[in-house]
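Novice: Position chain B against the provided structure of chain A, taking the given hints into account.
Line order of the protein sequences matches chains A and B. Per UniProt numbering, residue 1 is the first one in the first sequence, and the count goes up by one each step. Per UniProt numbering, residue 1 is the first one in the second sequence, and the count goes up by one each step.
Hints are computed from structural coordinates only; laboratory data are not their basis.
Below are the DSBU-like pairs computed for lysine-lysine, each with C-alpha atoms no more than 30 Å apart in a straight line:
{"hint": "1", "chain 1": "A", "residue 1": "K46", "chain 2": "B", "residue 2": "K246"}
{"hint": "2", "chain 1": "B", "residue 1": "K82", "chain 2": "A", "residue 2": "K128"}
{"hint": "3", "chain 1": "A", "residue 1": "K141", "chain 2": "A", "residue 2": "K48"}
{"hint": "4", "chain 1": "B", "residue 1": "K82", "chain 2": "A", "residue 2": "K46"}
{"hint": "5", "chain 1": "B", "residue 1": "K227", "chain 2": "B", "residue 2": "K54"}
{"hint": "6", "chain 1": "A", "residue 1": "K46", "chain 2": "B", "residue 2": "K187"}
{"hint": "7", "chain 1": "A", "residue 1": "K175", "chain 2": "B", "residue 2": "K188"}
{"hint": "8", "chain 1": "B", "residue 1": "K188", "chain 2": "B", "residue 2": "K227"}
{"hint": "9", "chain 1": "A", "residue 1": "K75", "chain 2": "B", "residue 2": "K188"}
{"hint": "10", "chain 1": "B", "residue 1": "K82", "chain 2": "A", "residue 2": "K138"}
{"hint": "11", "chain 1": "A", "residue 1": "K128", "chain 2": "A", "residue 2": "K101"}
Small disclaimer: the values here were computed from a predicted structure and weren't measured.
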Amino acid sequence: MAKQYDVLFRLLLLGDSGVGKTCLLCRFTDNEFHPSHISTIGVDFKMKTLEIDGIKVRIQIWDTAGQERYQTITKQYYRRAQGIFLVYDITSERSFQHIMKWASDVDEYAPDNIQRILIGNKSDEEEKRQVATGQGNKLAKDYGMDFFETSASTNYNITESFTRLAEQVLAANKKDLDLLRASVTDELNLAALEEEEGITDGAAASQKGCWC
Amino acid sequence: MKVDVARQRELKWLDMFNNWDKWCMCVFQVKLRCRKGIPSSLRAKAWQLLSNSKELLDSNPGKFEELEREQGDPKWLDIIEKDLHRQFPFHEMFAARGGHGQQDLYRVLKAYTVYRPEEGYCQAQAPVAAVLLMHMPAEHAFWCLVQICETYLPGYYSAGLEAIQLDGEIFFSLLRRVCPMAYRHLKKFKIDPILYMTEWFMCVFSRTLPWSCVLRVWDMFFCEGVKIVFRVGLVLLKQMLGSVDKLREVQGMYETMERLRNIPPESVREDLLVQEVRL
Chain A
1 MAKQYDVLFR LLLLGDSGVG KTCLLCRFTD NEFHPSHIST IGVDFKMKTL EIDGIKVRIQ
61 IWDTAGQERY QTITKQYYRR AQGIFLVYDI TSERSFQHIM KWASDVDEYA PDNIQRILIG
121 NKSDEEEKRQ VATGQGNKLA KDYGMDFFET SASTNYNITE SFTRLAEQVL AANKKDLDLL
181 RASVTDELNL AALEEEEGIT DGAAASQKGC WC
Chain B
1 MKVDVARQRE LKWLDMFNNW DKWCMCVFQV KLRCRKGIPS SLRAKAWQLL SNSKELLDSN
61 PGKFEELERE QGDPKWLDII EKDLHRQFPF HEMFAARGGH GQQDLYRVLK AYTVYRPEEG
121 YCQAQAPVAA VLLMHMPAEH AFWCLVQICE TYLPGYYSAG LEAIQLDGEI FFSLLRRVCP
181 MAYRHLKKFK IDPILYMTEW FMCVFSRTLP WSCVLRVWDM FFCEGVKIVF RVGLVLLKQM
241 LGSVDKLREV QGMYETMERL RNIPPESVRE DLLVQEVRL
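Isolated chain A (complex conformation):
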């Protein structure tokens, strides 16, 4: 059965096709890296529970197809997210240039208080690098985002970046969280919360600790 948790929220992985979104996710949730895997068609998601400042945070991470034409489908899910990873591939200048387009789509379709983080993946492929770390840093700064270079292959900065975004989402929703804490005072309430799990997937759940 599902584990107990205090809050549930959704993060979304966005970025061009082939930048490594699915691999980042597999590394984070299952600590696995498969050099042989299949392209993502449509939308997929995985879950993982983290503990941040004593709060059990259940995160649902949505993985999306990177090709532009799938955006008519994936955009529909932007508004359900609280945090977004904008991912490019450090060996692909083009994927980096497209970050601006991804960011403006997020501005247009995602909720206002959405938290964003910039990821330059494949940092292990130094010999093929086309995007300098400084360029990533600068772009992130311009957009007011945190920035990580990561490698799903060598497991570099994976937990760090996922945890950082989760922390940001927590901080941004601090008010709701305090409400949650006030309401969850004993075991009974926690159990009640747990029971609601399925149903709380909707808007009605906001005061129960689900910001979906």
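Specialist: For chain B alone, kept in the frame of chain A given last:
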């Protein structure tokens, strides 16, 4: 299957091939034979006849080579190249980077973007083309892909992906009639059809079902068209979410999605699936 039965079926199919124009009239008989499964030795030829791609091939000599010679739009070629090693990576034909399978896949997908520049490339075309390439040479696979994209599943791969989204809605309303229990469950957990059926439909189940089932589904699909895709989808939902016991195992959005995206191979049996689809 017994050897003599298999042999008999092959002979029947060979007879059909020899008199294809005549057999085309006997839609019902052909349909029945496709549902029984096309003998694997004759599958490639049967698919090409059923889809009319053989006719396209014969009436367009040299066209494929001509398309191959064109430069192609780098916008599409870039995405195609990234997808070559991400189709059936454990199939011996596609396992090797830059191997023959991947090269042929590139040729077919690129040729399509030159043939229909306004359509370009859609990522779901790659697994479909790969399945075709497992059965036939690149030029034949190309014309077969053309038929799938334009006659069988028109609009599925086009920019905007409106056709697949519309079919998702239609599929969901059919589910309501066919299996209200599964329908209510999906509705309760807010699992939109687009979340699970996109890959099922766009790849014609090639990434979803055990391989023997994929082939049987494709046999029927080439004969009867998109309705087979709908029916298989409905049968799967019925099998995964069609009883109280089964629903008990998937209490939650995540659990349900997991089950639908990774259908346990032991839960789908080739003969049972085909039997259900017929109903």
